[in-house]
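> Take a look at the letters that make up each chain.
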Amino acid sequence: MILTGKATLIVQSGDHDKVYSAFIIGNGALSMGMEVSMYFTFWGLERLKKGKLDKGPLSKMNFLGLGKWMMKRKMNQSNVRDLENMMEDFVELGGKILACDMTMEIMGVEKKDLRDEVISDYCAVGTYIKEAKESDITLFI
Amino acid sequence: MVERKINVSGETCPVPLVETRKAVRTAEPGDVLIIQGDHPPSKEEIPMAVDALGLELLGIEEDGKNWTIRIKIPSEV
Numbered sequence: 001m002i003l004t005g006k007a008t009l010i011v012q013s014g015d016h017d018k019v020y021s022a023f024i025i026g027n028g029a030l031s032m033g034m035e036v037s038m039y040f041t042f043w044g045l046e047r048l049k050k051g052k053l054d055k056g057p058l059s060k061m062n063f064l065g066l067g068k069w070m071m072k073r074k075m076n077q078s079n080v081r082d083l084e085n086m087m088e089d090f091v092e093l094g095g096k097i098l099a100c101d102m103t104m105e106i107m108g109v110e111k112k113d114l115r116d117e118v119i120s121d122y123c124a125v126g127t128y129i130k131e132a133k134e135s136d137i138t139l140f141i
Numbered sequence: 142m143v144e145r146k147i148n149v150s151g152e153t154c155p156v157p158l159v160e161t162r163k164a165v166r167t168a169e170p171g172d173v174l175i176i177q178g179d180h181p182p183s184k185e186e187i188p189m190a191v192d193a194l195g196l197e198l199l200g201i202e203e204d205g206k207n208w209t210i211r212i213k214i215p216s217e218v
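As they're listed, the protein sequences go chains A and B.
When we follow the working numbering, the leftmost residue of the first sequence carries the number 1, and every step to the right adds one.
When we follow the working numbering, the leftmost residue of the second sequence carries the number 142, and every step to the right adds one.
Incorrect hints may appear among the rest.
Stated by the list, open to error - Below, a list of computed lysine-lysine pairs in the PhoX-like style, where the Cα atoms sit at most 20 Å apart:
#1 A:Lys18 - A:Lys96
#2 A:Lys18 - A:Lys52
#3 A:Lys52 - A:Lys6
#4 A:Lys96 - B:Lys206
#5 A:Lys55 - A:Lys18
#6 A:Lys6 - B:Lys146
Note that these hints are calculated values from the structure, not bench results.
Bear in mind that the values here come from a model prediction, so they are computed numbers and not experimental data.
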């Protein structure tokens, strides 16, 4: 199979809509034959905690969760695949999920708090720079 | 050679693309995949993925808002 380049994404935000965007782009890139790595850092890393993937607020118009509830309802009506399934697709298609080691230290997150089964590796900025340098697409979300 | 149907009718972005990719990964050289759906941008994007993956586009048929895309997995892959 021809692999057409590489995409490297930093997921710094833990906002529901932004994590969605990251997985849609990631899955799209994998589907187009690219290699994809997603680096979860700061608030993004929160979403790799057990049971927290779809617990982020909306980046705008969250209204204490009411906005998010409405958005989720609308997404359901439009038959948008939920985040858990998006992540499953991402891993199945060979996407790599990386957890930022420094964030874990700052925020007191331990490996046992995270979903180790979906995480390819725990790393730092050097790994990202090395991968980003050989990537055709890099995004900071 | 196997012909396999993948129905993504009613599905939206990025599911038709993702399901196509999953099917391609498990297909054998010479297999034909028949993708059926109704998400308008996917009708344009699945052929882009076919091109990017080095597959053979056998044809696109349209019937109102429904479309059918036929893909062949090349034997040299």
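> For this structure, which hints from the list above don't hold up?
Violated hints (numbers, rising): 3, 4, 6; every other hint is consistent with the structure.
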